[in-house]
Amino acid sequence: AQKVTQAQTEISVVEKEDVTLDCVYETRDTTYYLFWYKQPPSGELVFLIRRNSFDEQNEISGRYSWNFQKSTSSFNFTITASQVVDSAVYFCALNNQGGKLIFGQGTELSVKP
Amino acid sequence: DVKVTQSSRYLVKRTGEKVFLECVQDMDHENMFWYRQDPGLGLRLIYFSYDVKMKEKGDIPEGYSVSREKKERFSLILESASTNQTSMYLCASSLVYSRGGYTFGSGTRLTVV
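Here the protein sequences line up with chains R and W, keeping their order. Numbering-wise, this note's numbering puts 119 at position 112 of the first sequence, and it's gapless, one number per residue. Numbering-wise, this note's numbering puts 20 at position 34 of the second sequence, and it's gapless, one number per residue.
Just to be clear, a hint being listed does not mean it is correct.
[Stated by the list, open to error] Listed next, the in silico DSSO-like pairs over lysine-lysine satisfying Cα-Cα at most 27 angstroms (straight line): (1) W/K41 with R/K107; (2) R/K23 with W/K41; (3) R/K107 with W/K57; (4) W/K57 with R/K10.
[Stated by the list, open to error] Taking CB as the label site, the calculated pair distances span: (5) W/V99 with R/S60: 42 to 52 angstroms; (6) R/N59 with W/K(-11): 19 to 29 angstroms; (7) R/E66 with W/T69: 17 to 27 angstroms; (8) W/K4 with R/N74: 23 to 33 angstroms.
[Claimed, not checked] Facing chain W, from chain R, some residues (calculated, C-beta under 8 angstroms): (9) S49; (10) F54; (11) R57; (12) F61; (13) N65.
Hints listed in this document are in silico derivations from the structure and should not be mistaken for laboratory results. We put the CB at the ideal spot given by N, CA and C, even for glycine.
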């Protein structure tokens, strides 16, 4: 069975704080892809990152970083020095070779000034 | 600027009405998807299509049907709307080998009264 779990429903931080969004996945496939999407208040999901199961190297893009650990089936997302514009719902997702995306429940991040 | 366009941002319909949600993409993508988004449940796949006139059921197809007569257009049909179909509906498209790199529309918030 394929499953993605985002245990944090809501997170509230003050601007400039660092925040980590957790994502745990389940799959029996050896080849799969993991994603993070951002959904701002406008509603449109925006693609942030894709990682394949053979690449466990962590990635940094500006204030965003991702920690992929196959040993714990986790793909966590950290925002450093958060800003009000980071306020959104963030979704972690899994894609196996079947081609469909399976989403987690989403984490609503609120960054207060 | 390539995009996925959903015809309505907000829609209010009465119980028992037949409802059409339209989605058009201008990227010549083979794959198109309809998701439903509900608080605490994330995004759940209703139907998807890998080609014109082709459709496959997702995880929650009951009460819905779809139509894909042209490559760029994927319609979601609620045969007889019910109050439990009140939700946010998101359309997405992707290339056939994109491995989950979807482009999403802005969503249609449907209220059934």
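Here is what the structure says about each hint:
1. W/K41 with R/K107: It holds: about 13 angstroms lies between the C-alpha atoms, which stays within 27 angstroms.
2. R/K23 with W/K41: violated, 46 angstroms
3. R/K107 with W/K57: Given that 27 angstroms is the threshold and the Cα spacing comes to 18 angstroms, the pair holds.
4. W/K57 with R/K10: At roughly 30 angstroms apart (the allowed maximum being 27 angstroms), R/K10 and W/K57 break the hint.
5. W/V99 with R/S60: 42 to 52 angstroms: holds, 45 angstroms
6. R/N59 with W/K(-11): 19 to 29 angstroms: Holds, since R/N59 and W/K(-11) (Cβ atoms, about 26 angstroms apart) stay within the stated range.
7. R/E66 with W/T69: 17 to 27 angstroms: Because 43 angstroms falls outside the window, the suggested range is violated.
8. W/K4 with R/N74: 23 to 33 angstroms: Taking Cβ atoms as reference, W/K4 and R/N74 lie about 47 angstroms apart, which means the hint is violated.
9. S49: holds, 6 angstroms
10. F54: holds, 6 angstroms
11. R57: holds, 6 angstroms
12. F61: violated, 13 angstroms
13. N65: The hint is violated - R/N65 has no Cβ within 8 angstroms of chain W, the shortest such distance being about 20 angstroms.
Comparing the model with each earlier hint shows violations of hints 2, 4, 7, 8, 12 and 13; every other hint is respected.
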